[in-house]
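Following the hints, put chains B, C and D with the ligands in place on chain A, whose structure we already have.
Each chain, letter by letter, is given below.
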Amino acid sequence: MAVMSYRDAVRQSIVDEMERDGDVFMMGEDIGRYKGTFRVSEGLLEKFGEKRIVDTPITECGFTGIAIGAAMAGLRPIVEMMTMSFSILALDQIINHAAKVHYMTGGQITVPMVVRGPSGAANQLSAQHSHSMEGWYAHVPGLKVIAPTTADCARGLLKTAIRDNNPVIFVENPGLYATKTEVSEDPNYTIPFGKARVAKEGKDVSLIAYSRMVHVCMKAAEGLEKRGIDAEVIDVRSLLPLDTETIFGSVRKTHRAVVVYEDWRSGAFGAEIHSRINENCFDDLDAPVGRVGGLNVPMPYSRVLELECIPNDGDVLAAVDKIV
Amino acid sequence: MAVMSYRDAVRQSIVDEMERDGDVFMMGEDIGRYKGTFRVSEGLLEKFGEKRIVDTPITECGFTGIAIGAAMAGLRPIVEMMTMSFSILALDQIINHAAKVHYMTGGQITVPMVVRGPSGAANQLSAQHSHSMEGWYAHVPGLKVIAPTTADCARGLLKTAIRDNNPVIFVENPGLYATKTEVSEDPNYTIPFGKARVAKEGKDVSLIAYSRMVHVCMKAAEGLEKRGIDAEVIDVRSLLPLDTETIFGSVRKTHRAVVVYEDWRSGAFGAEIHSRINENCFDDLDAPVGRVGGLNVPMPYSRVLELECIPNDGDVLAAVDKIV
Amino acid sequence: MAKQAVHTETPAELEQYFREMLFIRHFEEKCNFSYRQGKSGGYLHVYIGMEALAIGWLHAIRKGHDYVITAYRDHAHALLLGTDPVAVMAEICGRVAGPSRGKGGSMHLYDKKNEFYGGWGIVGGHVPLGGGLAFAAKYRGEDRVCINFMGDGASNQGVVFETLNMAGLWDLPCIFIVENNEIAMGTRLEYHAADTQLWKRGLPFDIKSERIDGMDAIQMKRDAQRIVDWVRENQKPYFVEVMSYRFAGHGAADNDRSLYRSKDEEDENWKRDPIARLETELEKRNIMNREKMEAIEQEIIGEVDAIYEKAMASPHPSPEEVYDNVYSDMEPEKGH
Amino acid sequence: MAKQAVHTETPAELEQYFREMLFIRHFEEKCNFSYRQGKSGGYLHVYIGMEALAIGWLHAIRKGHDYVITAYRDHAHALLLGTDPVAVMAEICGRVAGPSRGKGGSMHLYDKKNEFYGGWGIVGGHVPLGGGLAFAAKYRGEDRVCINFMGDGASNQGVVFETLNMAGLWDLPCIFIVENNEIAMGTRLEYHAADTQLWKRGLPFDIKSERIDGMDAIQMKRDAQRIVDWVRENQKPYFVEVMSYRFAGHGAADNDRSLYRSKDEEDENWKRDPIARLETELEKRNIMNREKMEAIEQEIIGEVDAIYEKAMASPHPSPEEVYDNVYSDMEPEKGH
Ligand SMILES: Cc1ncc(C[n+]2csc(CCOP(=O)(O)OP(=O)(O)O)c2C)c(N)n1
Ligand SMILES: Cc1ncc(C[n+]2csc(CCOP(=O)(O)OP(=O)(O)O)c2C)c(N)n1
Ligand SMILES: [Mg+2]
Ligand SMILES: [Mg+2]
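In order, the protein sequence lines correspond to chains A, B, C and D. If you read the first sequence in the working numbering, its first letter stands for residue 1, the second for the next number, and so on. If you read the second sequence in the working numbering, its first letter stands for residue 1001, the second for the next number, and so on. If you read the third sequence in the working numbering, its first letter stands for residue 2001, the second for the next number, and so on. If you read the fourth sequence in the working numbering, its first letter stands for residue 3001, the second for the next number, and so on.
Excised from the complex, chain A in its bound form:
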């Protein structure tokens, strides 16, 4: 184990897998010479050369399609989206092509590809650069969608993603890159998909989140502790496949839950988690399941307004207050 930032953990996993398998390569905008806008790919060009660290023109739809085609031929591309917001331009390639070809070919062709990058708001990037994309992807059969919170999870789950034979959407968050945790150094350290993580055990209420919002929930849990409320925090980690067993188990124990996400409140994947709890734990619930999501507005530039939009621990406390 070593203390490592989320950024370094992501990079280390890419390095491991590229050293392990010559078919793995990386493609994206400004990832080589410019080292990546979030510096995730720093040093990779020097290490692996232009053949395997491919700087692309600003054509998300085209280079994602090229990566998919390469994957159909057996290569294992890692596509970096400078921000996941830009993956909207590549949605047709990801959803209509990568996600469907295995099915349309009756299993003949696989697409071992990872599309990764930061999702969600950073700091005043305004309306067009602050999307939370994971919910849309998690709605699409044929894709797997991962959204780790800690550096250690990022490391283990990314390695699993790169080794997976299906297209995997790997969602990071601008606010997480600098965060550090103990991280396994084992070059074969992988974390299986479809397993949620209990970030904190508790007995009074379940806070269910993924990515950066898990930290927000942890902070809220501290606040609740002061009020004598013992919250359990579930880090979903894997949206598709979704570990409902762990989620339901927690709810059946605490009988109360709040689902927390940064995405626009209405119509987000958090609503799906919320629905599943209601469908399956109805008789275990002592109160309606709460939800905390981002405000239903395009992300404003003004920091004052931006902070209004993004859920914080205070919003989680307010939601818990309503149900305990």
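To be clear, the hints were calculated from the coordinates, so they are not data collected in a lab. Some hints could be false.
Stated by the list, open to error - Derived DSBU-like pairs (lysine-lysine); straight-line CA-CA distance at most 30 Å:
no.: 1; chain 1: C; residue 1: 2236; chain 2: A; residue 2: 51
no.: 2; chain 1: B; residue 1: 1180; chain 2: C; residue 2: 2039
no.: 3; chain 1: B; residue 1: 1035; chain 2: C; residue 2: 2039
no.: 4; chain 1: B; residue 1: 1195; chain 2: D; residue 2: 3334
no.: 5; chain 1: B; residue 1: 1051; chain 2: D; residue 2: 3113
no.: 6; chain 1: C; residue 1: 2113; chain 2: A; residue 2: 51
no.: 7; chain 1: D; residue 1: 3208; chain 2: C; residue 2: 2200
no.: 8; chain 1: B; residue 1: 1035; chain 2: D; residue 2: 3113
no.: 9; chain 1: A; residue 1: 47; chain 2: D; residue 2: 3236
Unchecked claim - Chain D is nowhere near these chain C residues, computed Cβ spacing over 12 Å in every case:
no.: 10; residue: 2203
no.: 11; residue: 2285
no.: 12; residue: 2293
Said to hold, decoys possible - Covered stretches of chain C, as calculated for chain A (at least 3 residues, CB under 8 Å):
no.: 13; region: 2108-2118
no.: 14; region: 2155-2167
no.: 15; region: 2315-2327
Since the model is a prediction, treat every value here as computed from it, not as a measurement. Idealized CB from N, CA, C, for every residue including glycine.
Using the frame of chain A, we list chains B, C and D with the ligands on its own:
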């Protein structure tokens, strides 16, 4: 009133509004000379000429962007997507540009535009042509999303959509075009957004759906009647804004509900409706709210398999059985 | 260029082209028949009139070695690459004997063992995938080329230009072929392209580009061979506009061609019929007389009938199969 | 073409260009300062080095009549079109005095009354919108043209080519201007474009296309006037590659230019500095001596300082405003 098909009702509303306002024009693939693949635009080219009925190249992203730009300058484009599945290629224009510019300009610029076309499965169109897109759009602040079931609703709501100063996604369904109802002939007949329709009153269980699935629910309601169960059927019609008042009112009356939609079960907008009911009607519920959605698979070509995927009245009955 | 000069077709070759073109035509007629019979459904697009184009290109490549990808008008490509015609017909009719066990249908034919990558329904959407196949060949230092077919309408899609730029930038061994049949569904070339000389679209990307005729199987094969050899040798992309014509409607459901062209125009173009043209050539070269041709055609009609019967004998998939192949290693969340 | 010949710049005009270019430069420096001070945030992109380009084009059009649209490097365009500089600076610093009351920021400046349509963050995404503005002008039979600016990197985006095809097909009065500053963020032209002669990209669409220099304000204005007049007269699109250079980093956050270019290259290019060039010209034509220039610059620096102070005096928006302008006629579902 006159008996009219859904197709004719949509066309009639376009004709009315184009006659009423010279700024209204229509743009899309094969809508003019070819009369539209679903023949919605039949006769419009002869009536309004090439200037106002614009046949486009197969470049959804580009012509949708051109329509948005024209709308920013004050025109009122009606963009036909040959099928809503193809609007995936235009998502960046719709979501990042049309939906956000009013906000990003602090209200200086409006985008009075309608994007309309058939959404959902038709008959063996396979995986790439059978998407239900409305859920994604209904997640996006800045858009309004309408999905009428009857010819009369299509007529009244489309006229409202064309007169609206915001981008409106108007979702039709291949299976509805030939269906007929009594339709108002009043050239100023409009139906306000955000008002659901009670398709059938009942007291035992609320079936909540939109678009073609309302017919499926009506058929299921007949089946339930035979079993002595009096179902209420709510036609949501307007997904964004959503008429939760009518939906909650029905649930508070029946104490039982099933949300029905054709879109992939997991992560669809139906989950949002489901969540809202659970958040707001928790104490009124005698049983968990049920859900019926499309199977979580890319749409298969084989008719046998396709019919497996699309919810039918039998599936609704099964869901009701679970909760009564 | 040396390679090209030595190409003089043997009688056997020409007979093969003739048989294959006839086979495609009758196979396609049978597909339309199956559609009218309600045995196939959805969107079904035949290649009638365009046979020489696929013949030329797919005889110029190394089958099973070079990559091939196209859109939904894909029956001929699958057949010529060696997919069992019974399997092709079975897929078109949604039967389990199809390569995708009925999950793909007419628009989505694939045959990995022959390096045929489909079979795609989003106009223009498969073009970058073809660029990716070429990318893989180059990455691995193989000498494969990718044959990337698209329609004239598809050549307007932005992703095509994005792919051309990267192909030119990275020297991808990819041949972009515009099957210019002068129409996109119901929209004629002049209504969808600002400049109808589509071959020019490779020029801004420093890609060798040209327009050639696709109605003469013999010349088509020669040009295709010249270009395929050049690309394999030079490891650079190529952009080719091939002039062709579809005699049938856009798809089996398109039954009013008068919306976009006159009977006269069609009659004019029937004079370009690639099969008639090859017949004349076969006669001129004394390779075959009319009787022999007639006999071969009857033979092929019989073959196609038998293929159809066999395909029809294949069962529809069983409902449980609906969850197979969503993922390579897991099942999706089940149920409604 | 007659129009062009009669253009000889008056001293007043040249002084105006000079003042405006200096104003832009110092305004941009102040923007970077505000960023370092933490008064502005997010992505902020300045126009330093490219001033002559905007000067030439925006003096060639009818301000407030012709449509103008660009990407996120948009401060100069807003200023030259007549948006109050205090408002521009306020927007950049997220204050309510901004045209969007702080909701847009540096990348999203708009001024409807001056027909300035922004101000966009998705590379290439605004280009079809510009096509749409031209479409509206044509639809209404007005004689407006649309000036559609994009970067060299943006010119690779597929939607740009889709728009060019429709502009050529429908004769849209739109001028597509590639502000070629030889780099896209950290990717040099030769690494993102298969052919670095970007002007060729209009050719496949039968669009008049050319490459011109954008570092000489006087010549830039002449070329711009020639092209704007031609488009207004002929009601057809035009594609122009304008050679330029950005002296600053890509954005205020880009502080390691050595990742993509050498100090020597920058020094070489400083010799092309459009302001220095105009200064020389002003001297040559005896319009102004160095002292005068120096005085004007001091005056402008003072102006910009005052503008910054005024902008800073404007308050941040109040939290309730977050729900305004999502729709023109309703509010979204509120709360977390
Ligand atoms: C993105 C997209 N838009 C529209 C369609 C509907 N469509 C299917 S084929 C077609 C015409 C394509 O014409 P062309 O590219 O010339 O190919 P051809 O059919 O002539 O072989 C259209 C509009 C589609 N499948 N995908
Ligand atoms: C679709 C999309 N991809 C990537 C980005 C990130 N990005 C912002 S500006 C930029 C470079 C654009 O370069 P160019 O078009 O030459 O304009 P310039 O900055 O040189 O004026 C990139 C990659 C973006 N904003 N949008
Ligand atoms: Mg065609
Ligand atoms: Mg640039």
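To see whether the hints hold, each was checked on the structure:
At roughly 16 Å between alpha-carbon atoms, residue 2236 of chain C and residue 51 of chain A fall within 30 Å of each other, so this suggested pair holds. With a CA separation close to 29 Å, the supplied pair residue 1180 of chain B and residue 2039 of chain C stays within the 30 Å bound. Annotation: proposed proximity of residue 1035 of chain B to residue 2039 of chain C holds, straight-line Cα distance about 27 Å (limit 30 Å). Of the pairs offered as hints, the one joining residue 1195 of chain B and residue 3334 of chain D holds, with about 18 Å between alpha carbons and a cut-off of 30 Å not exceeded.
For the proposed pair residue 1051 of chain B and residue 3113 of chain D, the alpha carbon gap of about 27 Å is at most 30 Å, so the pair holds. Only pairs whose Cα atoms come within 30 Å are accepted, and residue 2113 of chain C paired with residue 51 of chain A is accepted, the gap being roughly 27 Å. In summary, the hint linking residue 3208 of chain D to residue 2200 of chain C is supported, as the alpha carbons are separated by about 14 Å, within the 30 Å threshold. The straight-line distance between the Cα atoms of residue 1035 of chain B and residue 3113 of chain D is roughly 39 Å, outside the 30 Å bound, and the hint therefore fails.
Distance hint between residue 47 of chain A and residue 3236 of chain D is unfulfilled; the C-alpha atoms sit about 50 Å from each other, more than 30 Å. At roughly 6 Å, the least C-beta separation between residue 2203 of chain C and chain D is not larger than 12 Å, which violates its mark as non-interface. Listed as a non-interface residue, residue 2285 of chain C keeps its Cβ farther than 12 Å from every Cβ of chain D; the least gap is roughly 39 Å. No Cβ of chain D comes within 12 Å of the Cβ of residue 2293 of chain C; the nearest lies about 42 Å off, and the non-interface call holds.
Coverage of the region 2108-2118 of chain C by chain A holds in this model, with 6 residues showing a Cβ closer than 8 Å to a Cβ of that chain against a need of three. Check on the region 2155-2167 of chain C: 6 of its residues sit with their Cβ under 8 Å from a Cβ of chain A, so the three-residue criterion for coverage holds. Counting residues of the region 2315-2327 of chain C whose beta carbon lies closer than 8 Å to any beta carbon of chain A gives 4, which meets the minimum of three for the stated coverage.
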